[in-house]
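> Here's the letter readout for the chains.
There are 2 protein chains.
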Amino acid sequence: MKPLILVTNDDGVHSEGILALFEAMRTLGEVYIVAPDRERSAVSHALTLHRPLKAELLRDCIYAVNGTPTDCVALAINKILPRRPQIVASGINRGANLGDDVTYSGTVSAAIEGTILNTPSFAISLVGDSPFLFESAVPYAVKTAAYILENSLPYDTLLNVNVPNITPKEIRGIKLTRLGKRIYDNAIKEVISPRGDTHYWIGGGQHFHEHGEGMDMQAIKEGYVSITPIHLDMTNYEALEYLGRTWDLNDGQGLKGN
Amino acid sequence: MKPLILVTNDDGVHSEGILALFEAMRTLGEVYIVAPDRERSAVSHALTLHRPLKAELLRDCIYAVNGTPTDCVALAINKILPRRPQIVASGINRGANLGDDVTYSGTVSAAIEGTILNTPSFAISLVGDSPFLFESAVPYAVKTAAYILENSLPYDTLLNVNVPNITPKEIRGIKLTRLGKRIYDNAIKEVISPRGDTHYWIGGGQHFHEHGEGMDMQAIKEGYVSITPIHLDMTNYEALEYLGRTWDLNDGQGLKGN
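Residue numbers (my numbering), protein chains in the order written: chain A, 13 to 270; chain B, 13 to 270.
One chain only, chain A, in its complex shape (with noise of 0.2 Å):
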């Protein structure tokens, strides 16, 4: 039996995006799109838990859901699919997942839920601006799931992978990274409404992102595909050694009860 793939995206069912890695997807396996019935970008992984929601069937294998990118893989991998998929991919975005974004990223979340849910996942976005050059990040989608396929992912993990938005010949190859630090630059615009009241409209200013060795946003600089191993335990395990050590927590009393 061919293995299943899902894709989803947080750009919605209908972009140029999410066509291109399902026809790549294609060449491996049988494929569905269940995907966002329009944008919804920077919806971070939100579950919609305040309606119910709606599978609406557009053509052989293709899916739209009123919802979120996170509400798709748990419906698709839940109710939808003929049987468990063997990969979650997420993409093609138009724009940098990179460093913190990652933190805010619909089409990251939506690898992060097929992670929950036990499925091996990637997201894949594009780092430039329009016009989107989708047939490069295609090989890389192509490349990625087939590694994928063979061996599987570290228990926990999945690949963030950012492509350069240069042509096919242009970009230089791959590296393997870690995520970047965002820096901020107090990008809030300040507007005044028409009954001359001030309101702050968020995303003003540019991002930055911090180049350093081994960094995301280096290798895109250099026009490399960034792939970055992301994991969900975010438990600080320095630090909770470091606070152990240094924090008097129960007031020398050791712990009540014990």
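Note that these hints are calculated values from the structure, not bench results. Take these hints with a grain of salt, some might be off.
Which copy is meant is left open, because identical chains are indistinguishable; a pair holds if it fits in one copy or across any two.
[Unchecked claim] Restricting the straight-line Cα-Cα distance to at most 30 Å, the calculated cross-link-like pairs of lysine-lysine (DSS-like) are:
| no. | residue 1 | residue 2 |
| --- | --- | --- |
| 1 | LYS233 | LYS91 |
| 2 | LYS201 | LYS91 |
| 3 | LYS201 | LYS155 |
| 4 | LYS181 | LYS155 |
| 5 | LYS155 | LYS14 |
| 6 | LYS66 | LYS201 |
| 7 | LYS155 | LYS91 |
| 8 | LYS233 | LYS14 |
We have chain A already, so just place chain B on it with the hints.
Same frame as chain A, now just chain B:
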């Protein structure tokens, strides 16, 4: 000058939990609330980019924003507060934020945004069901904030505090913990609309959390307050090393252009 403390949450500015936290923090410094105008649970780390936001002064030092918890922290630190805060405190949430739930949580995402903006931050939640005993959480909010004011926090790290919803006397002490795993139980209910078509409602089942030595849920079960240090760098460094050894990324050709 008294330390400045920002209080926010995802249950909304009018919730009982945020007022309990406001009063608790006032024992330590000058306190502002900048919080969503209504409940914004499960919005995760969403930033509102598609429309301007309004910050309404309700009364002295208390602002309501028509956006997400993350929006509130970004607006507060960059636009509303008279100077940089020493702490972002998020809560007191009605309900647990344990294990993988932190990737969904509006309460925790406010503390994540505080951390990204270089402000030591913590989230505090009551684990249980209504009626919520906010007075049980208050001493642990104060204790956590006092520790942060004295010691700050490790780089890129926030504290996720969960308090069992039992009486103050029943709480046995504090334990430092690691994040557990959510165990998913297919919690999607099918509902039929008046027009006869099937919809899906997420949340129909129960959430389970893995219990185990040192895990957050285990501490709660035993009647302790759980404090988990969480860092934002989700890079899986072990997997990075493993993939580097096992994945012939560039098809034996090395990196192009090197």
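> Next step is simple, just say for each hint if it's right about the structure.
Quick rundown of the hints versus the structure:
Taking the shortest Cα distances, LYS233 and LYS91 never come within 30 Å of each other, neither inside one copy (41 Å) nor across copies (32 Å). Taking CA atoms no more than 30 Å apart as the test, LYS201 paired with LYS91 passes between copies only; the shortest distance there is 10 Å, against 43 Å inside one copy. For the homomeric pair LYS201 and LYS155, neither the shortest alpha-carbon distance inside one copy (41 Å) nor that between copies (37 Å) is at most 30 Å. Taking identical chains as interchangeable, the C-alpha atoms of LYS181 and LYS155 lie at most 30 Å apart only when both belong to the same chain, with a minimum of 16 Å there against 57 Å between chains.
Proximity of LYS155 to LYS14 under the C-alpha cut-off of 30 Å is restricted to the intra-copy arrangement: shortest distance 17 Å within a copy versus 56 Å between copies. Taking CA atoms no more than 30 Å apart as the test, LYS66 paired with LYS201 passes between copies only; the shortest distance there is 12 Å, against 36 Å inside one copy. With identical chains, the CA atoms of LYS155 and LYS91 are at most 30 Å apart within one copy only, with a shortest distance of 28 Å there and 45 Å across copies. Proximity of LYS233 and LYS14 under a CA criterion of 30 Å is satisfied in neither setting, with 37 Å inside one chain copy and 44 Å between copies.
Checked against the numbered hints given earlier, this structure breaks hints 1, 3, 8; the rest are met.
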